[in-house]
Every structure is written in C-alpha cells, then in structure tokens.
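Chains as they are written, first to last, in the working numbering: chain A, 233 to 590; chain B, 233 to 590; chain C, 233 to 590.
Hints in this document: simulated from the structure, not taken from any laboratory.
Just so you know, these numbers come straight off a predicted model, no measurement behind them.
Incorrect hints may appear among the rest.
Any copy, or any two copies together, can satisfy a pair, since identical chains are not distinguished.
Taking lysine to any residue and the SDA-like style, the derived pairs with C-alpha atoms no more than 25 Å apart in a straight line are [claimed, not checked]:
hint, residue 1, residue 2
1, Lys543, Arg274
2, Lys543, Gly563
3, Lys354, Asp375
4, Lys354, Arg275
5, Lys372, Lys388
6, Lys388, Asp446
7, Lys388, Arg275
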Amino acid sequence: MGNVDSNLETARLLRPYERPLIRNAWYCAAWSHEVGEDFLTRRILDMPVLLYRTSSGEAVALLDICPHKLAPMHQGSRVGDNIVCGYHGLEFDCSGACVSNPQGNREIPQAARLRSFPLLEKWGVLWIWTGDPARADPAKIIDCSHFESPQWRTVKGGHYVRSNYMLLVENLLDLGHALFLHKQTGGLGDNLVLSDHRIEQGEDTLRDLRLYRDTQPPATVFGKYVPRGVRLDFNADMLWVAPSMLRSHNGCSESGHARDGSGLSLYGTHLLTPETQHSMHYFYGTSRNYALDDPEIDEAYRRFQRDALHKEDSMVAESIDAVLADTMDLGVRMVTLSTDASGIRVNRMLDRMAEADR
Amino acid sequence: MGNVDSNLETARLLRPYERPLIRNAWYCAAWSHEVGEDFLTRRILDMPVLLYRTSSGEAVALLDICPHKLAPMHQGSRVGDNIVCGYHGLEFDCSGACVSNPQGNREIPQAARLRSFPLLEKWGVLWIWTGDPARADPAKIIDCSHFESPQWRTVKGGHYVRSNYMLLVENLLDLGHALFLHKQTGGLGDNLVLSDHRIEQGEDTLRDLRLYRDTQPPATVFGKYVPRGVRLDFNADMLWVAPSMLRSHNGCSESGHARDGSGLSLYGTHLLTPETQHSMHYFYGTSRNYALDDPEIDEAYRRFQRDALHKEDSMVAESIDAVLADTMDLGVRMVTLSTDASGIRVNRMLDRMAEADR
Amino acid sequence: MGNVDSNLETARLLRPYERPLIRNAWYCAAWSHEVGEDFLTRRILDMPVLLYRTSSGEAVALLDICPHKLAPMHQGSRVGDNIVCGYHGLEFDCSGACVSNPQGNREIPQAARLRSFPLLEKWGVLWIWTGDPARADPAKIIDCSHFESPQWRTVKGGHYVRSNYMLLVENLLDLGHALFLHKQTGGLGDNLVLSDHRIEQGEDTLRDLRLYRDTQPPATVFGKYVPRGVRLDFNADMLWVAPSMLRSHNGCSESGHARDGSGLSLYGTHLLTPETQHSMHYFYGTSRNYALDDPEIDEAYRRFQRDALHKEDSMVAESIDAVLADTMDLGVRMVTLSTDASGIRVNRMLDRMAEADR
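Given the sequences, and given the hints that come with them, work out the whole structure.
This is how it looks when you write it as structure tokens:
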C-alpha cells in the first residue's frame, strides 16, 4: 500500500518557521494582469520591489531604493522606459543602470545602479528570482500551463497572510486536516478507502500520490458533474516544487485507468511568496477540465477559495504564527502524525537549500 | 512606636520591574462566574491558558496550544468533557492526555499532551498554579473566606493594566500615596496620628499594621456609618501574600479594643495576575461587615474602584511603565522614602523567590 | 570657480542615520510662545522634558520623571514656582532640588533631585542644552536675531517628522534636490549659471556659498518683488551650525555688490530637534527684509513651508527612514554626487563630535 513511513514520531523544535527565507528560488511576484505601465511596489523576501512594464510590454523588477540617498523609486516618474528618482533626478534604465545624473559635474558614479531581479512572464504569472541571477533556471518553475490552456478553466484569487509561509506549505502537503478544518467547506469525506499512497521525491520536488480504486469519487470536489452510481478510480495528488509552489490534482477515470486524464480533473495551484519571515502573499488558482462555461461552478470555487483557503487555512496559520514565540519560550515540542510525512521530507529538503543559500 | 526603619535611603536601579515573573506561585486566573462550559482564553505569565468547566462543573486550565501543529485549542470544539483540536482532530481529556488521533494509523504519539495547570476553585476564585505542579500547596493562597461569608458583602471588579505588576504591588503596600494621588477619591485624611506602626514578616507574607488609638475614624472609609463624636481605635493594615495577593483591612473598635472585629470593618482584596512583564489582569473586591443591604454603599465602593483603583493607581502605574526603558537608558536611580518600607522588604523576598524559581 | 571637490564618489554605509545623537549641543526645545505657566512635555533626545514658566516669566526645563517612584511630574501640580509630584507629594524647586517630603519622617533624601537642563531664551526661541551643563556655551547657538529685528518679517511654523534628523540636515545642505523634488513648489529654476561656489568650514560651522553674478534672480524666491529686466548679483547660501541648526540666505544686490545686504533678502531658518533616533521636531521660520506688511507674501511662504518643507522634504525623509533597516540588511551602499559635498563635510564633523560626546 505504498511507501509512506508508518512511524514518524519524532519530537522536534519549531525550526521550519524560523529557517531563513530561501533566496535562490522563483516566486510569484504578481499576476501578469496586476502590472502595467504604472509602478507597483510589493515587498518580497524583505525587499521592496518595484514592478512595471516598458512600452513594449516587458515587465521589469527593480529594487525600490535609489542608491544615492535611498529615496523610494516609486515616488519618482517614468521617462520613456526609464525611471527617474523624484529626489535628485538620477535616471536608470530598466536593467537598473544609471544613465543620467543631472547634478553638478553630471558624472555617473560607477556604483550607481538599481538592483534588478530576473523576471520571467509565463502562464499569466510574473516569476521573480530573488537570488544570484546566474542561477535563475526557468526549468525550476512549477508547470502552470493549464492557466493558459483552452482545455481548462481557471478561477484565480489571492490574499495576504500574516504567517510564515511554511505554515501553509505544510498545510497543503497534509491532506489530514481537511476532514476537520474543512468539514463544512470541502474535504473528501470519510468513506474513501486508500488503495495506494506513494511519495516520490525529486531533487527539489515532491509528489504525494493517493489512489482510491474503483470507488465513488466525492461529490464535494466535482459537484453535480461527478457521475452517480458509477464506480471510478479517484486520485488525490499533491506536487510540491521548491520552495513554495504547489499543485494539487483531483481526478477520476474509468476503473483501471487511474490518472489517464480521460475523466474530470481539478488542479489547485498555490504560489506562496514570503513577504517577511512572518507574512506572505498567497496566490492561487482553481482549474478544471470540465463545465468550462458554467458560472455556477466558477462561483462555487470562488466560495471554496474564500472559505477554505482564506478563512480556514490562513486563519489557522495566522493563529499559529502568533504563538510561535510563546512556544519557543515554553520549549513546546511538536509531535508528528502520519499526515505530516510529506511535510517532514519537504522541510529536510528546504533545510539543505537554506544551507546552500548562505 | 513600632519597628519600621527610620532611614531607608538607598539609591537603587529599577530591578523590581525587570525581575522575571514568579512561576511557582498561585494567581487568580478568573472569577468563578467568568468560566462556564464555553472556552475562555486568557494570557497568564506569558502563556495562553484555556479555561472551561466539565459537565460536572469542575474547572480546567490547559495550555491553549495543540502539541501537533500548534493550533489554538480554543478554535476547536468540545466532545463531552474532552477537547478536540479543530485543525487535525486530536482529542484530549481534561487532564491534557491525548485520547484519540483520527489520522492515518491512529497511533497516539507519546509526547502528545496538553500541559495542564493545577487549578483550585475557592471563595469564588479560580486559582491557577503556573509552576511545578508538585509544589502547588493550597495553603499558600491568601484567605478570601469573606467573599463567601454571610457576614460580609463584597463588591467585585477588575480591569486590565498595561504595567508591570510590581508597580501596583508597591502602590498597595505604600499608604503614603493616598493623601496625594487619592486626594479627591479617598485617602484617610491628614488629621490621624499614628499610635503604632509595625511590620510583620513571614516566610512569604508581610503585614503592615498601623494603629490610630482613641481617634475619630475617617469618614472617607465608612461614610455615614462611622459613629460621629465617638472616639474609637482605628487600624489600617495591609496583608501581602507572595507574590501578588493583597488584602487591606480598615477597622474600628471601641477604644482599647483595637482589631477585635467588633466594629465596622472593610477589606480590600487585590489579586494581581501578570499577563506579560508589562501588563496584568487586576481583580479586586471591596468587602464590608456592615450595611450589607445598602445599595448606595455598593455604588460608593464601585465608584471608589473606578476612580481610585482604575483611573488613579492604574493610570500612574501605566505612566511609569511607559518610561521604565528611558530611566534605564538615563541611569535614573530611584530614591526611597519611609513609605516604601514594606515595598522594599517585599522586593527582597521576591528576589529570593525569583532566584529559587529558576 | 570655488573650492568644491569635483570628485566625491565614495561608497559608504548608512552611518549618518545610525550615529548616536549628539548630547553636548543646543537644540530648539520650543518656540517661546508655546510655553507658559502650564506644563508642556516634549520628548527631546529620548528624554521626557517638562517645560514651564515661573511667575516671573523665566522658562524652566526639567526631566519629567520623579526620582522617587518615576511618576511623570507633569501629572502633578504647581505650588508657586515649585512643582509637586502627584503621586507622593515630593516638591521640587525650579532648579530641580527637592524642597519638601511630606512622607513619614519628612527627611529629604540626598539623591532626590530632578535633572534640570540649561535653558536659554533668545530671539523667541527656548534653547535647551542636553549635555554636560558646564559646557553649555551660548555662543554656540545659531544667530536668529532677524526673528526679532524690525527690519525683518518672519513666518514661523513647525511639524513632526518620523525620520532621523540627518535626513533633513543633508537635505538642507544639498541644493541639488530642489529642481526635482520642489519642481512645483519652488527651486531656483534651471537657467542660473553659477559664478562661484565656495565651502567655508569652521570649528563647528559650515557655509556653502553660491554666487550667480549679473543675472536675473529667480521669481520663485522673491515673487513680484524681484525687479524685472534688471541684472543683479544673486546669492544662495546655507549656514550650518552643529549639530542641526541651519539658515539659508537668498539675496540679490546691484551687480558687483553681492551680499552687501542692500537688496531683497530671504532667510530660511531650520531648527531640527531629534526626538528619538528616528523622529524629530522640526521648527522653521521664513524671514524677509521686504514687503513686511504684505499678507499675500506671508501666505505664499506659509504655502511654501506646507508644500516644500512638510509634504516634500519631510515625506521623502520619512520614506527613506522606513527603508533604512532594509538597506542595512541588503548591504546597500550609497553613492555620492557633487551635490553632497557639504553634507559629507558636516557628517565628518558630527562623527568627531559624537566621538567626543561619549
């Protein structure tokens, strides 16, 4: 019945939420539609980042701090595709190079440059790399091609969470909380019998794969579109891509044809961007390959996002974050349940990434 | 004329307000009437404490943090007398033992327990012991039997104070401030002549006993009930029980019969429960052995609590707490007046308790 | 063309804004008209300072903390020219000496004194010395005699700024920002050609002197009062007196008679009083030697103060202060432009003062 550890009980301290943020990584800086020719400033990994598009539509990410007197660049203005500091008029191109100094001798100091961040636009998302630009490999981004495929319909959303991002990473990797925290708002129901549970670990990915063979898939996921009275193979999988990009997959197929994509499928994409050690920007999309034009389904998934992702998961994450300092002071050690198997592996991988990141 | 030091002038730094909170001690967690079958969470000595009553009416105090993923237990629910975490469904009995794990293999991790606190219900107060349970001796609680005696009528109250609790302990031990801070709201007046002043120190108690023989007791205390034109013995005593339970006693008796309990008596009970190093829950009761059914007297003592205890004493405590950091930076040394005699002794006792507490 | 360094490019860390505040120095505590017989409390260099006037009109500055139990003195009352603590009644004269203890044995503890600060009233300003009283030399105060001269008319103002005071000192020493930050609200225009630029450094003063010979002075400074079509010598000077008193001088004179005082002159006086490391009280006056009775000019300079000093300069200072911690974390190094020449010299002088201050 799979390769999942049966005994994971190890007491440990609260390190996951104190681990330094991972800089050599991709994060969702913004949805594509959020950024236009006007400046958007967003705090990412404790850095004020300025986002805008050039006249050709290319999006740019620069540190929002002028290297002369530290004035916020977003209080300046645009001149063509360049950006001019509102304090003393230093002008920078969209690579961050200073191209004009209107002061005194007009010489441009060598060190006068704005830090620019690798920014990649793909599948309607602006992906930012916050570490060493030489290591920014686009292949490390989670596949979100379903956001732009005509075979899928996606309902997008997002909100701000006052907690360390790992509290939601662990939450998403753990299916066990759904029956309790999401009792009213979703969850798979408690009458499913697991046929196979498998965890597949890559270099910086993890798949948690659950299969329920020859069963009645839960109505909570597919609503009226799940065929009644027909027995099907149902899978509930989660893909994690380091450090905080996740995609769930709920699917059903004719019995014996698990995960062949022939039946109903639902992707939940979760992009968690740390703002600080104790806050994050949470971007998500719910994508389906059926009933593409049914606005009631759109609304149902919007409600799910509002209730399950925002009110339930994020509220519990914020409540926990608020007592993290207490639990350190009190020496509270956390216990581990079988539902934490994937979270533990992911934490070990992130420990190594954080070590390499220094 | 007593045993009170005549010269206490010693400059000292601000240590009383920086001394670590005393853990091996009893505190008022709540009035009995505040706690029912619903959860009440209150922060005590920097710990989130969950209070509720079982179906048999017994009150329970548990740490409000699930040992699995640190979710607040008060966001969960009750199942009979047990409490179920709302995040993953771990169930605990009211001793804090985990009795059910609905996840995966359903094994209960050995370390899965909620810290439970000794809680004693007596005289309408829920007393919590925040230290080593083995050392919780009920004999260390201040006597509040007057709260439940038919010979006494008590007006209870309480409020939240943003200051270190020692600022109010010292305030209550020092009668000298009444003439100034409480000029409009009480105080004993300035025409009393002290006959005897005695400080009696126990292992972890202190009594500050003042006697005014053959005098006219102040009308501010007993109002119209003090007999006019009759000379009586009047006492103004304070009992302190470590670390922060106090009871004042103002009484009058026929001359030569001081403290025999035959005349009018007024108890002021003050229970100070640190929330953090710089905030506290302040519970108090004003109890009298006369005019038990006079609602005007009730209202007069309520007004005294609101004006003298809340607006005056607590406001000055908060103002002082707000400059403690300044005074440290500036190296301000405090001077001592004779009115601080009891406060100094109490601080020395608490220094020893804090040392033993580590 | 003067003695200003042509190449100042040196990368440096953010030290000016982290340098300890200078204690052995004069600051504007208040305008004279702000202080009367009632208490005024103002936080200066991280100290709560109490200001009031005696019955003879003399202004007094005392630390607003009672040396007994640390109660704020401003919550007490006045008895004649003395001040009585509202908590226990200790009475202090206006030199800070304790003159009465109403408690117990009534002995006055030797250490019972309020710290008093040298306070000098001159030109409508109350100047406070926050360091060693023996070193308080009135000659170190910036000349503000124009505030009280009948030849000048002054429009005064002030506001609170949430930034380190050096962000405004540097701002005032740097004329280069005017063309950009104050494009709408002032600035000298960009058609002036500098004839001479000279920096004169004294022991704890600096003069930044700019002369534009035989030119048309900018209308932004003198409005309709600048003669049209007449060529004049125009100067734009700044005087800095350590640590944070500044006076700008814009003047025009017949060609060949630069700075002889015969023409229109405008003084901008800027008195920056640190409240904390990251906030200040900003007092300013705009003084002119012409059109003394023209209320439109008053209003024009009030508007300039509101727009240029408050909304523009102070807003940018606050924005920069808000990212100082970020720039430290990110190791952002500041680059230097020629407009920073005076600021760099002033910072070097203040570094030495801070060193001597310890």
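Checked hints:
Taking the shortest Cα distances, Lys543 and Arg274 sit within 25 Å of each other both inside one copy (23 Å) and across copies (23 Å). Within a single copy, Lys543 and Gly563 get their C-alpha atoms no closer than 29 Å, and across copies no closer than 38 Å, so neither meets the 25 Å cut-off. Taking the shortest alpha-carbon separations for Lys354 and Asp375, only the intra-copy value of 10 Å comes in at or below 25 Å, while the best inter-copy value is 63 Å. Only within a single protomer do Lys354 and Arg275 lie at most 25 Å apart by alpha-carbon distance; the minimum there is 21 Å, versus 48 Å between protomers.
Taking the shortest Cα distances, Lys372 and Lys388 sit within 25 Å of each other inside one copy (22 Å), while across copies they are farther apart (60 Å). Taking CA atoms no more than 25 Å apart as the test, Lys388 paired with Asp446 passes in neither setting, with 32 Å inside one copy and 66 Å between copies. In the homo-oligomer, the alpha carbons of Lys388 and Arg275 lie at most 25 Å apart inside one protomer (21 Å), although the nearest pairing across protomers, at 39 Å, exceeds that limit.
Of the numbered hints stated above, those contradicted by the structure are hints 2, 6, listed in ascending order.
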